[in-house]
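A.B. asks: Turn these sequences into a full structure, and let the hints steer you where they fit.
If you want the building blocks of each chain, they are given just below.
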Amino acid sequence: MIRSARRNLQIGALLLVMALVAAACGGDDSGSDTTAAPTSTTAGNGGTTATTAPPATTTTADPSAGEPIVVGGSLALTGFLAPTAAIHKVAGDLFVERLNAAGGLLGRQVEWDVRDDESVPDQAGALYERLISEEGVDLILGPYGTGTITAAMAVAEREGFVFPHHTASLTYAYTYACHFPTWPVGLHTNISNPNIVYDALVASGNPPETIAFVLNEFPGTQLIGYGPPGSDAGGAISEAEKRGWDVVAEINFPTGTSDWAPIAAQLAAADPDFIYMGALGVDGVGLLTALDAIGYAPRGHFYQWPAPGPMLGAPNAEGAFSVATFEPHAPFTDDPEAASIVAAFDEAASAAGLPYTAFETQASVSWAAWEVLIAGVEGAGSLEHDAICDYLVNNPIETILGTVDFDPAQQNYYGDLSVVKQIQNGEWIVVHPAATAKPGTSPQL
Amino acid sequence: MTKRGKALAGFALAAVLLNLVPTLVEATDSPGFYITFMFTAFFWISQAVSWNILTGYSGYFSFGQGAWFGIGVYTTGILAVKHEWPFLLALPVAGILAGVAGLVLGMVVFRLRKLGGEIFALTTLAVAFVLASVARLYSFIDGGRGIFMTSTPLPEFLGDFRTAMFRMTFVVAFLTLLAAYLIFESRIGWGLFAIRDDEQVAHGLGVPVFRYKMLALGTNAFFSGLMGGVWALQIGFVTVDDVFNIRVPLFVILMSVLGGMKHWMGPAVGAVIIYTLTDRLNSAGLEDVNQIIIGGLLIVLVLAVREGIYLRLRARWKLALATFLAALSVWTLADLGSSVIWDFAYASLLTVGVTLIPTRARRRTEVRSEGPPVAVDEEASTDRGPG
Amino acid sequence: MNEVLNQAIVSGLLIGGLYAVMSVGISLTWGALKIINLAHFSFILLGAYATYQVSNSLEIDPLLALLFVLPAGFLAGVILQIFFEFAKVDEFQSLIISFGLFIILQSITRTLWTADFRRIDGANNPYESMSFFIGDIAVQVAPLLAFAAATGIAIGMHLLLTRSYFGKAVRAIVDDPEIARAYGIDVRRVAVILSGLATSFSAAAGVFIASYQSLTPNMSLGWFGIVFPVVILGGLGNAVGALGAGVIVGVAAGIATTQWGPLSAPLVTFLIMIAALLFRPQGLFTRQGSA
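Residue numbers (numbering that gives the first Met the number 0), protein chains in the order written: chain A, 0 to 444; chain B, 0 to 386; chain C, 0 to 290.
Misleading hints may appear alongside valid ones.
Claimed, not checked - Which bits of chain C does chain B cover? Going by a derived footprint, with three or more residues having C-beta under 8 Å, they are:
| no. | region |
| --- | --- |
| 1 | 92 to 105 |
| 2 | 220 to 231 |
| 3 | 256 to 265 |
| 4 | 270 to 276 |
Hint data in this document are derived by calculation from the structure and do not stem from the laboratory.
Heads up, the beta-carbon is just placed ideally off N, CA and C, and yes, glycines get one too.
C.D. replies: What follows is the structure, encoded as structure tokens:
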């Protein structure tokens with residue numbers, strides 16, 4: 000027993016010392032850097048190092064013109080956020096491909112180093128840390144999903160990296176001066192977003208008198224439904240009440256619900272004119288299927304963030320509303336550039352095996368995030384994050400979503416650019432506001 | 000000096016040396032991620048080692064690590080963010096609350112003597128799910144809104160965020176290892192292993208079965224919760240789904256089984272190996288095959304190392320150490336790995352691989368034909384407890 | 000409100016049948032073979048995806064997929080059990096190994112079908128929301144079919160275990176494998192067949208799931224919280240118990256949802272599970288001290 004204890008100590012101490020020595024040596028030899036200015040980029044593949052510039056002692060404006068600019072990031076390629084993150088992967092890959100074909104960024108090719116954060120926030124945070132400090136990426140782009148974005152944003156703030164991101168729903172919480180959201184819902188999304196929808200219902204000429212709320216217990220949908228926690232600003236429910244509509248049901252369900260029968264029974268009994276579902280993914284499909292099974296078809300229904308493809312196949316889906324930022328039809332595709340992106344995305348998504356290949360909301364916000372990043376770098380003329388941040392804050396940026404003007408007074412948000420879409424004749428089309436609606440269509444209720 | 004004195008001295012030495020790491024990393028201008036890597040390793044070490052204090056020592060299989068972890072995370076979340084307590088004040092409360100919850104469970108469950116084996120395991124799983132539901136239901140806990148930990152102020156003496164995380168996780172991991180060691184080498188540890196072998200017999204031998212089990216469970220829960228409390232900061236945005244899922248409970252099982260459950264150090268070794276593996280696979284960008292490799296390795300390693308890697312390493316420690324140092328030197332000096340972590344990863348994997356090579360003493364069918372009967376796995380039988 | 004409650008109870012009953020089919024496989028291998036096979040969740044998932052693929056590609060009724068899925072599942076179970084026998088694993092190790100397998104199969108599923116949601120084309124799938132009415136109460140056909148299957152499995156397994164030589168062999172093995180072997184029972188063969196049966200049940204559950212739900216690889220993780228309570232309440236290795244437990248879980252969740260809101264349902268389910276564990280750990284449907 001004495002021998003074993005001593006052995007433990009010896010091993011432990013020796014290992015520790017060797018590890019420290021190795022760390023000391025490694026710090027000098029591998030030439031990795033912690034600053035934002037690029038001196039060498041190593042792609043972090045096991046065992047192979049890209050050719051490295053000699054250990055930099057000064058930062059130069061153009062150290063390695065032939066080297067690709069590396070944009071690092073993570074996505075929920077596995078885990079519960081994976082279904083939609085798959086779209087962002089295709090969008091990002093396509094963007095980079097087209098960018099490189101058009102000459103790249105600052106005369107250099109761009110490489111997107113994207114990793115799997117498994118939908119786990121602490122993993123996302125660590126990933127961004129690693130990308131920035133160990134692998135020395137030049138730029139970063141946010142991951143998919145509120146939790147992972149929050150963790151990554153904290154890292155970006157600590158490291159002073161510009162952080163464009165595309166799908167963080169809890170707008171009120173983001174205060175980092177250099178975060179640039181392309182989820183274009185405005186700072187007070189809990190008020191603006193439901194009202195855009197309600198305006199569409201009024202525009203149909205047949206607004207509801209009774210309304211039922213079925214909300215996923217996910218922070219984003221809860222925000223829309225009730226407003227920020229601890230504030231009395233309210234959300235979709237209180238805004239409906241303000242319009243004089245009668246709230247006949249208010250049901251909150253756990254994320255990942257798969258048995259919709261009891262909820263369907265309650266809804267059918269309440270029989271509202273309109274169902275407002277704070278839905279994610281296939282929540283809407285599950286609900287509609289269960290409603291159909293008990294012989295009930297909603298008179299009017301709205302789904303917050305549904306997976307668009309599966310909704311089209313759900314029973315009684317015709318007439319379902321949702322919010323959008325882009326749909327692959329006129330007037331969005333009037334711009335030939337947009338039309339060409341839509342066509343290219345369709346091809347790329349099919350090649351990737353995705354069942355629904357339309358370039359719509361999710362893909363468009365991803366695209367816009369990339370556009371913001373590139374515009375910032377080009378505007379600043381360098382990869383210095385301070386310069387990029389300055390440029391983005393002080394200049395309006397053209398994106399596929401329209402002109403985006405980050406307003407520091409609104410935590411870099413810029414108003415709600417959401418539009419309302421509806422399933423008509425088996426397709427999602429934008430119906431409101433009229434200027435963005437597909438020509439010849441309007442909300443049907 | 001007594002054996003225990005030497006061990007404690009070793010702990011102290013390790014503590015001092017490790018504390019120098021952040022300074023060293025900054026001084027050599029090394030990637031800050033090294034610090035993140037280490038403190039994440041500390042997180043897993045603490046979770047696995049604390050879990051093993053209950054399951055490995057006493058044989059009471061717990062699926063409930065998620066419960067204690069979750070309590071810890073939410074306690075600091077609620078106290079430090081919602082009620083604006085100083086973080087370092089909220090942190091011990093996280094550990095204590097988790098520990099108390101463990102003791103409460105123990106009060107109920109250990110009193111019922113029929114509750115052994117898989118039934119206990121499933122009860123612990125159920126507890127985790129119940130807590131998740133409760134957190135979802137009540138908005139003073141979560142209510143579906145989540146808790147933002149990103150603006151939690153930390154005291155200045157801890158340094159910047161990464162260094163602060165390193166120091167806090169280090170302290171907790173250190174205390175966990177210390178506790179595991181002290182229990183292991185004490186009468187309580189002996190008693191727990193006796194319970195693991197045969198609870199009735201242990202009881203008959205006069206082991207205070209209930210008290211010891213409560214201690215093990217309470218210690219498990221306390222440290223898991225304490226580390227959870229620290230980890231809330233790393234999670235950034237705490238939600239029920241991200242915290243109360245099977246990731247932590249399942250991984251501590253994997254790490255402990257792999258590292259070896261019959262020794263206090265086993266789970267720590269398992270934690271380092273599995274975490275390094277998952278981190279490097281992710282770093283290599285092999286997403287598609289990442290999971291397949293991990294799954295495959297788990298199967299292979301569990302079959303290849305019945306008693307856990309740690310004991311195997313210790314039984315052939317000279318070989319292990321030599322391999323490790325040699326590999327590390329080769330990789331570092333030849334700059335084969337693009338970072339220290341890769342160097343470490345390759346060296347570790349090689350070491351593990353080398354010690355897995357069967358030797359004569361390991362062939363299961365061998366029986367000594369002369370002399371007194373000797374256990375076939377002679378080198379490994381210096382471990383604690385039988386088998 | 001009464002109507003809603005009645006509907007919820009009936010729906011809960013039916014989905015309980017599905018829960019039972021999902022759980023009976025892992026319950027059998029756990030109870031009889033002392034193997035905790037987490038890969039069962041993968042087999043359910045693969046059964047579901049196979050159904051989706053077969054139904055969409057061949058444009059046939061999803062239930063016909065059973066013809067393919069059942070034997071494939073059986074074979075998978077046989078192979079797996081042969082592997083476990085060969086590797087001589089104990090309960091802990093079977094847990095780890097099956098978890099490794101689970102991860103691998105999950106990854107393969109994701110590679111083959113991507114993480115995006117999949118749903119059988121309505122044109123080929125009449126069961127999606129098919130239902131008939133008994134008075135005011137709707138009876139959804141998809142879970143009803145699962146319920147029928149669960150009943151069949153329960154009756155079948157019960158008869159098998161009590162009336163056949165094979166069943167006797169199984170019970171002998173559960174009591175004491177060594178002595179069973181000494182009495183001439185081919186333990187390995189019995190275990191392998193039992194494992195095959197168990198896995199085919201799990202795969203069948205996948206068929207029913209695919210007939211009315213959307214599929215994504217990660218959904219298998221959500222099943223842990225359903226299957227474990229059912230397994231416990233029903234008693235390890237007890238197919239009849241699985242049906243009863245499934246019904247209890249389904250109905251309890253349905254009632255809780257309509258009375259106290261959907262957020263309370265998992266809480267109720269797990270409190271029931273804990274109560275059962277504490278006061279009747281062998282399961283509600285197993286006689287004291289029997290397998």
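A.B. asks: Are the hints correct? Go through all of them and say.
C.D. replies: Do the hints match the structure? See the list:
no.	hint	in the structure
1	92 to 105	holds (count 11)
2	220 to 231	holds (count 7)
3	256 to 265	holds (count 3)
4	270 to 276	holds (count 4)
Violated hints are absent here; each numbered hint is respected by the structure.
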